[in-house]
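Trainee: Add chains B and C to chain A, keeping to what the hints say.
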Amino acid sequence: MEDNMEGKTPEEKPAAGVAAEKPAPRPGPMPKKAGVGPRFVVSSSPHVHDGRTVSQIMRLVIIALAPAALYSIYIFGLDALRVLMISIASAMIFEAISQKIMKRPVALRDSSAVLTGLLLAMNLPSTSPWWLIVVGNFFAIVIAKQLYGGLGYNPFNPALVGRVVLLISFPVHMTARWVTASRFGTDAVTTATPLSRMKDSLATLGHIDIAFGRGEIFDLLIGNRAGCLGETSIVLLALGGLFLIWKRVISWRIPVMFIGAVWAMTGIFHLFDPAHYADPSFHVITGGLFIGAIFMATDYVTSPVTKKGILIFGAGCGVITVLIRLWGAYPEGVSFAILLMNATTPLIDRYTKPRVFGAVDTKKAAA
Amino acid sequence: MLTAVIALAALALLAAFGLAIAARVFAVPHNPKADEIEEVLPGANCGACALPGCAELAKRIAEVKADIDACPVGGESVAQAIAVIMGMEFEGGADREVALVLCKGSDQVAAKRFFYNGIYDCNSAALIFGGDKACTYGCLGLGTCAGVCPFGAIDMVPGGLAVVDPEKCTGCTKCVASCPKGIIRMVPASRKLHILCSSHDKGGVARKHCKVACIGCMKCVKAAPEGAITMDDFLAVVDYSFEIPAEVAAECPMNTIVVTGEAAGACEEPSAAAGGDA
Amino acid sequence: MGSGRFFGGIHPSYNKGLADSSAIVEMPLPERLVVFFAQNLGAPSQPVVKKGDEVKKGQVIAEAGGFVSTPVHAPTSGTIDSIGIYPSPVGVDAPAAVLTPDGKDEWFEGCSVERSSEGLDVGQIKEIIHDNGIVGMGGATFPTHVKLSPPAGKKMDLLVINGAECEPYLTADHRLMVEHAEGILDGAALFAAVIGVGRVVIAIEKNKPDAIEVMRKAVAGRQGFSVEAMGVIYPQGAEKQLIFALTKRKVPAGGLPMDVGVLVHNVGTALAAGEAVRYNRPLIQRVVTVTGSGIREPKNILARVGTRFEDLVKFCGGLEGDAAKCINGGPMMGVAQYSLDAAVTKGTSGLVILRQEEVAQFVSDACIRCARCLEACPMRLNPSALSIFIEKMRFEDANEYNVMDCIECGCCAYVCPSRRPMVHHFRRAKAEVRKLQRKTG
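The listed protein sequences derive, respectively, from chains A, B and C. Heads up, the first sequence is in the working numbering, so the first residue is 1 and it goes up one at a time. Heads up, the second sequence is in the working numbering, so the first residue is 1001 and it goes up one at a time. Heads up, the third sequence is in the working numbering, so the first residue is 2001 and it goes up one at a time.
To be clear, the hints were calculated from the coordinates, so they are not data collected in a lab. If you're wondering where the values come from, they're calculated on a predicted model, not measured in any experiment. For each residue, glycine too, the CB sits at the ideal point set by N, CA and C. Worth double-checking, as some hints may not be accurate.
[What the hints assert, rightly or not] With a straight-line Cα cutoff of 27 Å, these simulated BS3-like cross-link-like pairs (lysine-lysine) come out: (1) A:K308 to C:K2126; (2) A:K307 to C:K2051; (3) A:K247 to A:K307; (4) B:K1208 to C:K2051; (5) C:K2050 to A:K353; (6) C:K2248 to A:K308; (7) A:K307 to C:K2250; (8) C:K2050 to B:K1202; (9) A:K353 to C:K2435; (10) B:K1065 to C:K2439; (11) B:K1174 to C:K2430; (12) B:K1059 to C:K2439; (13) A:K353 to C:K2430; (14) C:K2250 to B:K1174; (15) C:K2392 to A:K103; (16) B:K1174 to C:K2050; (17) A:K353 to C:K2248; (18) C:K2248 to B:K1174; (19) B:K1192 to B:K1219; (20) B:K1168 to C:K2430.
[Claimed, not checked] Quick list of the computed label-pair ranges, beta carbon to beta carbon: (21) C:D2341 to B:P1188: 53 to 63 Å; (22) A:D273 to C:D2259: 31 to 41 Å; (23) C:E2026 to B:M1218: 47 to 57 Å; (24) B:M1218 to C:G2318: 44 to 54 Å; (25) B:A1055 to C:D2322: 56 to 66 Å; (26) B:E1247 to C:A2140: 29 to 39 Å; (27) B:D1035 to C:R2394: 26 to 36 Å; (28) C:P2151 to B:M1088: 52 to 62 Å; (29) B:H1030 to C:R2394: 27 to 37 Å.
Same shape as in the complex, but just chain A:
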């Protein structure tokens, strides 16, 4: 009896869940003497688990992003490495500080901050100054994520909020300082992205003037072009996506619907008016569509959970992207499209509630 009562050490207090409001008690260490004090852990069923954890999922996404990130260092040089490092470090620091201030358990180990930092970096030009990256991460982590309650409660994709804040507040840094891809950034020269060239030509010449031959397609696919760090190499991003689908981290639904909607919609316009509307393949393999469709729109927290809802979400992202690209003020619309669809996620979930197995058709029953 005595031993049993003194057994309450500080570690044995209910350990806090990573981001839960109410911590769940975890069983304490087993008593040293057999037969004294409680022996068994008691909980509701089920008593086994498949072993997957949130941090595992985050790490898998990071692994899937790694090839494209490394390639960005190859084509943009140390500048890219600098952007990546600053972004990840500042994301982690902001996460830790805000969790401390908000008296939440500091949960850097779940790797979600690393992922946000990485994703934001992938969405920045290699020429970004350090302060721009830090400001972006501040908005991503502190404003978009932690102020809403932390991982699981944020309505908008944090990395995209960071990117869009920067895009609107610092348009020059974000859209006008592109450099061409070259080996390790050795002979980079200032240039424009394919999408902005398209839009510029449309504005100045009255029709689109882009080179889109076999060589250009190859360059676009392997990522030999100007753009944000991570959006360039379509091939590596697609490989990452296939890896995630294989590992059952994401489903094919959002990427396929997103990219498919962009392709189909731009294809229809191109069919009717090729002088003003670019080839659908050009639209699909330029800009941030692939990284957006595979890595940003598929963010669990901010996308619907129902199967039907996911399809609607993906298609909606694609349609809004095309609307912005064709008629909006910005050359690229992927980020805005995803954020707008993020806002509709609760609504989509509500109206695509799955029908319970064996649901009685109320209309039929009434008739």
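Mentor: Relative to the frame of chain A, chains B and C by itself:
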């Protein structure tokens, strides 16, 4: 430029017109007295009056469908103020009641049967063998009552035990309803001597489960005025209509009886010794 | 038939190899037995013995407490030592009789006497099944005679004998099928006769090839009987899912299998009912799989009802050092025990002991909306939204999202990366919704 100004002005006029009509069409008849009463009600919308919110109660009082002292939270002063508004007399009601958790068994003194792993909520925990405490009557310590208290009057002391601050408690009884063990009782605020145990286990069993359990030794029953403390199935229960002298508390061999009022809460001694900071 | 698949489901590690090849062994009588009075779903049985009574094996010690209730019988002859509150394996502390066996193991008069079932009418058979305390032995312990009494007008055309045993670790039904195929089929034939169906399907998951083979041979000569090999997916053995996989019929939400003309009985129930009718033998023993990494020698044990878990564990060589969880039933739907003082009831299909490192611990992290639970839920619910509602005490919303249709199979919690105690949430919500419904009438 001019067209824009005119267009906007027209739009504004149209909207204003629409609002004006809507205000007429959908107008809800108002009782000015109800507004006044709502002003003096506490405004916590706690539901202690069993109505959905203070506005509803104010309406009922104004329509004389509810008593002027129907707000248990506001107490005498609010009832007095409402009486003035309603032009009625308020005679003064019964003694103010506050909630009391009839358990003293924090983890430092009460044994556990198992390591509970689940939802941090008493009602959920009680679904599993009634909770992890060896004593099946005691406070589960997961703070469900503290969570529902609209006035922040319930503290969870280290070691998992709910303690009501009688100063902050307004007697809304929300915690009473929230407790799966049913061990929160409303007691007159003026009474200071309490027996903080709910265990009906026999003495030996109760003692094994908890160091501060009532073991049914009857010492307090004998020391107190006739009928003030009675035995109910191995548990001493206070009848609060009696005034019980504070010395009776010293009779208890298990330290189950406490006298509140001097300083802070009821369960200072054991938790301060073993609990440390939270 | 048989190749069908239901929606959702998971593929847990089955760990059936621990015990699936060890033959059923009868356990010697322990020193004392703890027999719970409430051993069936529905109304609890009413005790009819008191301290000091001498009872014979098979004598009624608690009578049925209503129509949806069954009597409980003494598992051996001996003395009622005391009546007290003990931890019942279903998760509550409940009254039980402590019986000290006298070692003679003498049957009560009239019990265990072979007789012919010829000439018995349907009502008599149901009465015998009731009198012998037969309940669903898959774990739900629903009184069998009630299941055999569908309301007039319900047309039944199929009897399913459930040998899916989809719960990981458990092998009790598996061994029963291998060793008592004929007895199971006799019981099934009896059920079929009572409800008047001509078609009987024995559904067995493909991970029990020996059981399938034995059963296939056994049904060979029987008219209308067949064996279906089912896909290996949890919860294949859940009634609604099993019926859908077999027939594509959907049991309506809130309905019963009989609404689609099907009756499902567990293999153990069929065997027990058959023996009850043939030998007038009450349900006083059952096969319990004692297994898991926390046990030295996993076994399939024929144990008396009332055998304390402590004695089962001892019979299996004892616990491994850091055994941390003791489960009555399988790890997906079983009930964790806090003490080995609990004892075998009619619904105890297994005792699974897990070691510290295998125990899945809930931490209640925030839902990250990964939607894995929606994919896993065989009832097509939205566990993610449900658990969030319930966390905020929004029980009406949970009801609107069909929490009452949850079968508590545990698939959602099994796949949840945030380790949320989903089933616990849903059990809470169901209790609250029932409270609300009672209030509103």
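Trainee: Next step is simple, just say for each hint if it's right about the structure.
Mentor: Structure-based check of all given hints:
Distance hint between K308 of chain A and K2126 of chain C is unfulfilled; the C-alpha atoms sit about 48 Å from each other, more than 27 Å. For the proposed pair K307 of chain A and K2051 of chain C, the alpha carbon gap of about 60 Å is over 27 Å, so the pair is violated. Note on K247 of chain A and K307 of chain A: the hinted pairing holds, with a Cα-Cα distance of about 18 Å set against a maximum of 27 Å. Between K1208 of chain B and K2051 of chain C the alpha-carbon distance is near 25 Å, which keeps this suggested pair within the 27 Å criterion.
Our distance criterion of 27 Å between C-alpha atoms is broken by K2050 of chain C and K353 of chain A, whose separation comes to about 55 Å. This hinted pair checks out: K2248 of chain C and K308 of chain A have alpha carbons roughly 23 Å apart, not beyond 27 Å. This hinted pair checks out: K307 of chain A and K2250 of chain C have alpha carbons roughly 21 Å apart, not beyond 27 Å. In summary, the hint linking K2050 of chain C to K1202 of chain B is supported, as the alpha carbons are separated by about 21 Å, within the 27 Å threshold.
This hinted pair checks out: K353 of chain A and K2435 of chain C have alpha carbons roughly 25 Å apart, not beyond 27 Å. Our distance criterion of 27 Å between C-alpha atoms is met by K1065 of chain B and K2439 of chain C, whose separation comes to about 24 Å. Restraint check for K1174 of chain B and K2430 of chain C: the C-alpha separation of about 21 Å stays at or below 27 Å, so the hint holds. A threshold of 27 Å between alpha carbons decides the hint, and for K1059 of chain B with K2439 of chain C the separation of about 26 Å falls inside it, so the pair holds.
For the hint pairing K353 of chain A with K2430 of chain C, the CA-to-CA distance comes to about 20 Å; that is within 27 Å, so the pair holds. Only pairs whose Cα atoms come within 27 Å are accepted, and K2250 of chain C paired with K1174 of chain B is rejected, the gap being roughly 43 Å. Proximity of K2392 of chain C to K103 of chain A is assessed by CA-CA distance (about 20 Å); at most 27 Å being required, the pair is judged to hold. Only pairs whose Cα atoms come within 27 Å are accepted, and K1174 of chain B paired with K2050 of chain C is rejected, the gap being roughly 43 Å.
As the CA atoms of K353 of chain A and K2248 of chain C are separated by approximately 23 Å, the hinted pair is consistent with the 27 Å bound. Taken as a hint, the K2248 of chain C and K1174 of chain B pair is broken in the structure, with Cα atoms around 49 Å apart against an allowance of 27 Å. In summary, the hint linking K1192 of chain B to K1219 of chain B is supported, as the alpha carbons are separated by about 19 Å, within the 27 Å threshold. Using a Cα cut-off of 27 Å, the hinted pair K1168 of chain B and K2430 of chain C is violated, with the two alpha carbons roughly 34 Å apart.
Checking the proposed 53 to 63 Å range against D2341 of chain C and P1188 of chain B shows it is violated: the Cβ atoms sit about 43 Å from each other. Checking the proposed 31 to 41 Å range against D273 of chain A and D2259 of chain C shows it is violated: the Cβ atoms sit about 59 Å from each other. A beta carbon spacing of about 52 Å between E2026 of chain C and M1218 of chain B agrees with the range 47 to 57 Å that was offered as a hint. As the Cβ distance of M1218 of chain B to G2318 of chain C is approximately 45 Å, the hint placing it in 44 to 54 Å holds.
For A1055 of chain B paired with D2322 of chain C, a C-beta distance near 59 Å keeps the hint of 56 to 66 Å intact. Taken as a hint, the range 29 to 39 Å is violated for the pair E1247 of chain B and A2140 of chain C, whose Cβ atoms sit roughly 58 Å apart. About 31 Å separates the C-beta atoms of D1035 of chain B and R2394 of chain C, a value consistent with the hinted range of 26 to 36 Å. Taken as a hint, the range 52 to 62 Å holds for the pair P2151 of chain C and M1088 of chain B, whose Cβ atoms sit roughly 60 Å apart.
Under the hint 27 to 37 Å, the C-beta atoms of H1030 of chain B and R2394 of chain C, about 32 Å apart, fit the expected range.
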